[in-house]
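> Numbering-wise, my numbering puts 40 at position 11 of the sequence shown, and it's gapless, one number per residue.
No false leads were mixed into what you were given.
Computed Cβ-Cβ distance ranges for the label pairs, DEER-style: (1) S131 x K223: 17 to 27 Å; (2) V105 x M85: 32 to 42 Å; (3) E173 x E247: 23 to 33 Å; (4) L66 x K223: 23 to 33 Å; (5) R235 x P106: 14 to 24 Å; (6) G74 x A150: 47 to 57 Å; (7) D211 x E173: 21 to 31 Å; (8) V75 x E133: 12 to 22 Å; (9) S108 x A199: 17 to 27 Å; (10) L258 x I58: 51 to 61 Å; (11) D236 x M85: 21 to 31 Å.
The hints are simulated quantities; they were obtained by calculation from the structure and are not laboratory data.
Idealized CB from N, CA, C, for every residue including glycine.
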Amino acid sequence: MSAKVGTARYRLPALLSRLKGDRSGVALIEFAFSLPLLMALGFTGVEVAGLAIANMRVSQIAMTVADNLSRAKQSVPLSLPQLREVDINDALLGARIQAGNSLEILEHGRIIVSSLQQTDAGLQTIAWQRCKGKLNVASKYGVEGATQPETGTGGFQGMGTGSTRVQAEAKSAVMFAEVSYDYHPIFGEWVLGKIRIRREAAFYVRDDRDLTQIYNTEPEASASTCDKLDSTF
Numbered sequence: 030m031s032a033k034v035g036t037a038r039y040r041l042p043a044l045l046s047r048l049k050g051d052r053s054g055v056a057l058i059e060f061a062f063s064l065p066l067l068m069a070l071g072f073t074g075v076e077v078a079g080l081a082i083a084n085m086r087v088s089q090i091a092m093t094v095a096d097n098l099s100r101a102k103q104s105v106p107l108s109l110p111q112l113r114e115v116d117i118n119d120a121l122l123g124a125r126i127q128a129g130n131s132l133e134i135l136e137h138g139r140i141i142v143s144s145l146q147q148t149d150a151g152l153q154t155i156a157w158q159r160c161k162g163k164l165n166v167a168s169k170y171g172v173e174g175a176t177q178p179e180t181g182t183g184g185f186q187g188m189g190t191g192s193t194r195v196q197a198e199a200k201s202a203v204m205f206a207e208v209s210y211d212y213h214p215i216f217g218e219w220v221l222g223k224i225r226i227r228r229e230a231a232f233y234v235r236d237d238r239d240l241t242q243i244y245n246t247e248p249e250a251s252a253s254t255c256d257k258l259d260s261t262f
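Turn these sequences into a full structure, and let the hints guide you.
Here it is, written out as structure tokens:
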């Protein structure tokens with residue numbers, strides 16, 4: 030019995046010495062420690078890429094809506110072409126199709142399109158405004174009827190950011206689109222937090238158009254007025 034104890038005492042220092050010099054599991058241990066950091070970096074990278082793509086797609090939607098409505102018109106014999114409610118709805122419906130199921134722009138966002146025009150007195154005004162989408166946001170620049178004051182530099186001066194605002198020329202109009210979208214994260218809000226994307230686009234009306242009103246002749250359509258928070262047509 031004593032011989033076995035002595036042998037064990039003799040082998041213990043040698044065993045400890047071998048363990049001290051053993052490096053076979055170092056890489057595995059280092060990987061285990063670094064794995065959470067690598068996963069966090071990976072999740073963040075994927076989320077940032079997804080956010081960049083969403084930003085680009087929202088910007089393209091704003092440009093497409095403004096561009097399509099700058100071209101939309103219904104020819105009328107012996108009169109100026111007319112813009113109809115159905116034309117506006119078609120442009121907004123096209124934006125929903127362009128966004129697809131992955132973005133669901135009208136479920137998680139809102140599209141606001143305004144017709145920026147000049148009054149007879151030469152002042153900038155939002156002649157009409159149409160909206161679609163369930164996100165409860167308003168135009169950054171004002172509602173339908175917002176008009177530049179006759180004197181002073183305060184108040185409504187046009188649309189767009191920066192010191193120089195977008196302004197319409199006489200007897201013409203600018204289709205100004207604002208798109209807001211609550212980004213739907215891939216892995217959850219714990220990566221980048223809650224993010225709202227907002228993009229704008231403006232296009233001059235391409236050709237002559239009757240700017241006095243929006244017509245609702247055949248086929249009649251429900252006006253997408255801005256008092257509604259819906260995604261249906």
